[in-house]
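Visitor: Read off the chains here:
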Amino acid sequence: MSLSVSLTVNGVSRTIVLDDPRVTLLDLLRERFDLTGTKKGCDRGQCGACTVLLGGRRINSCLALAASCDGAEVLTIEGLAQGGALHPVQAAFIAHDGFQCGFCTPGQIMSAVGLLGEGQAGDDPERVREGMSGNLCRCGAYVGITEAVLEAGRVLAGREKGTAP
Amino acid sequence: MYAFAYQKPATVAEAVKLLSADPEAKALAGGMTYIPVLKQRLARPSAVVDLSGLGLAGIGVSGGVVTIGAMTTHAAVAASAEVRRAIPALAALAGGIGDNEVRHRGTIGGSLANDDPTADYPAAVLALGATLRTDRRTIAADGYFQGMFTTALEPGEIITAVAFPVPEKAGYAKFPNPASRYAMVGVFVARGPQGVRVAVTGAGQGGVFRHTAMEKALEKSWSADALAGVATPAEGLNADLHGSAEYRAHLVGVMARRALAAAG
Ligand code: FES
Ligand code: FES
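Protein sequences, first through last, are from chains A and B. So for the first sequence, our numbering puts the first residue at 1; every next one is plus one. So for the second sequence, our numbering puts the first residue at 1; every next one is plus one.
If you are wondering where the hints come from, they were derived from the structure by calculation, not from laboratory data. The structure displayed is predicted, hence computed values, not measured ones. Check before you lean on any hint, since a few could be wrong.
Said to hold, decoys possible - Here are some chain A residues pointing at chain B (derived, C-beta under 8 Å): (1) P21; (2) R22; (3) G131.
What the hints assert, rightly or not - Taking CB as the label site, the calculated pair distances span: (4) A/P125 - B/A81: 25 to 33 Å; (5) A/D124 - B/S223: 27 to 35 Å; (6) A/R138 - B/K220: 46 to 54 Å; (7) B/R137 - A/G102: 46 to 54 Å; (8) B/G195 - A/S4: 49 to 57 Å; (9) B/H242 - A/G11: 43 to 51 Å; (10) B/V37 - A/G117: 38 to 46 Å; (11) A/D124 - B/A231: 33 to 41 Å; (12) B/S223 - A/S13: 31 to 39 Å; (13) A/T8 - B/P233: 54 to 62 Å.
Even for Gly, the Cβ is constructed at its ideal location relative to N, Cα and C.
Same shape as in the complex, but just chain A (with noise of 0.2 Å):
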């Protein structure tokens, strides 16, 4: 059965035909629109690397399928970046060393921005490791992933404020 589904991926709307529904959200991404940066670990809803904004809200892309998400905007790793600036969030990840192998660091960035929009973590560090505790890393980079949300956290209430950097 073909199935035909639209999408708006960072900002650009795409429609595909499926010829399977058994397509998830994290294969049609990667593997019909070349976007790689979004990361396949577990497959299973268990680590997060896949994680993506679905109309705003994290979500495991592995665990979606695409024929669900038609009508749906969604934001990945790739589409962050506007003009060759950094997001915060990535920016701040360099900053504080947020990872190693950088296998989960997608994920764990597109979960901190998606947290940092619920606006349910404040500065709290506590807080913040709770809010990111559906992204694994396998690295254990979770000091300084904490302090890069945290700092990142800062960044953007400063922004809104218009005050800081």
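Given the structure of chain A, go ahead and fit chain B with the ligands onto it with the hints provided.
Guide: Chain B with the ligands only, in chain A's frame:
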């Protein structure tokens, strides 16, 4: 995944028709359990009927009842100002399911239809004496849960909403498996229109159950002290690499006291 046909109906009636016409067809809610099940080839449905187009998400409060649409996500329940005001314990429970990525997709209806013996929602539904609404009838919580992964739902029957009577007091505490956040033991205590009700999830081999000995003790006195002499037999409780049945029995008492403290 084995091959399946994909259907995304736009009305409940259409979804029921698709599911009733084909006993091998399966409903898909948030997919947080069912997609992994499909990937591991533990199920081979002829068709997957996606319920996300039925307009079943949403929360309403009126006349002392909180009604949550079946496709409402855990994140939406956790963040709902109305739920937080009316039944804060329910909002807190929803906010402790899995992780954020899971809470943004996983739904209350999906959780209840699946009836995982370690899921959180069954404890709230049973302790609060909620009513499940389906496409054809209403089902009281006491008659709904029929053993692990087993419910009163008929083939093709779809949960449309869950109605929770607002309690005077309610609290939930769980001992989460540190990796999965599933409840090794979760206890929900509530005092309201239906008296005192205590429901335990995660512990029982037969899924969620009411702890009638605790209910009797709390009817007399709503306090952690009242639970001091109340025993929880280890018989019939789960034992696995995470903990023995005796350990879980002990945790039931600890979680019940914490739930009471949370309820105030
Ligand atoms: S690849 Fe999706 S959660 Fe691990
Ligand atoms: S940086 Fe290697 S897994 Fe996180």
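Visitor: Give a verdict on every hint.
Guide: Hint check:
Look at A/P21: its Cβ gets to within about 3 Å of chain B, closer than 8 Å, so that hint holds up. For A/R22, the interface hint holds, since its Cβ comes within 8 Å of a Cβ in chain B; the closest pair sits about 5 Å apart. Taking 8 Å as the C-beta contact cut-off toward chain B, the hint placing A/G131 at the interface holds, the least distance being around 6 Å. Between A/P125 and B/A81 the C-beta distance comes to about 26 Å, which sits within the given range of 25 to 33 Å.
The hinted range of 27 to 35 Å is satisfied by A/D124 and B/S223, whose Cβ atoms lie roughly 32 Å apart. Checked against the hint of 46 to 54 Å, the pair A/R138 and B/K220 passes, with Cβ atoms roughly 52 Å apart. Range check, B/R137 to A/G102: about 53 Å between beta-carbon atoms, so the 46 to 54 Å window is met. For B/G195 and A/S4, the Cβ-Cβ distance of about 54 Å falls inside the hinted range of 49 to 57 Å, so the restraint holds.
Range check, B/H242 to A/G11: about 45 Å between beta-carbon atoms, so the 43 to 51 Å window is met. The hinted range of 38 to 46 Å is not satisfied by B/V37 and A/G117, whose Cβ atoms lie roughly 31 Å apart. Checked against the given bound of 33 to 41 Å, the beta carbons of A/D124 and B/A231, roughly 39 Å apart, stay inside it. At roughly 60 Å, the beta carbons of B/S223 and A/S13 sit outside the given window of 31 to 39 Å.
The hinted range of 54 to 62 Å is satisfied by A/T8 and B/P233, whose Cβ atoms lie roughly 56 Å apart.
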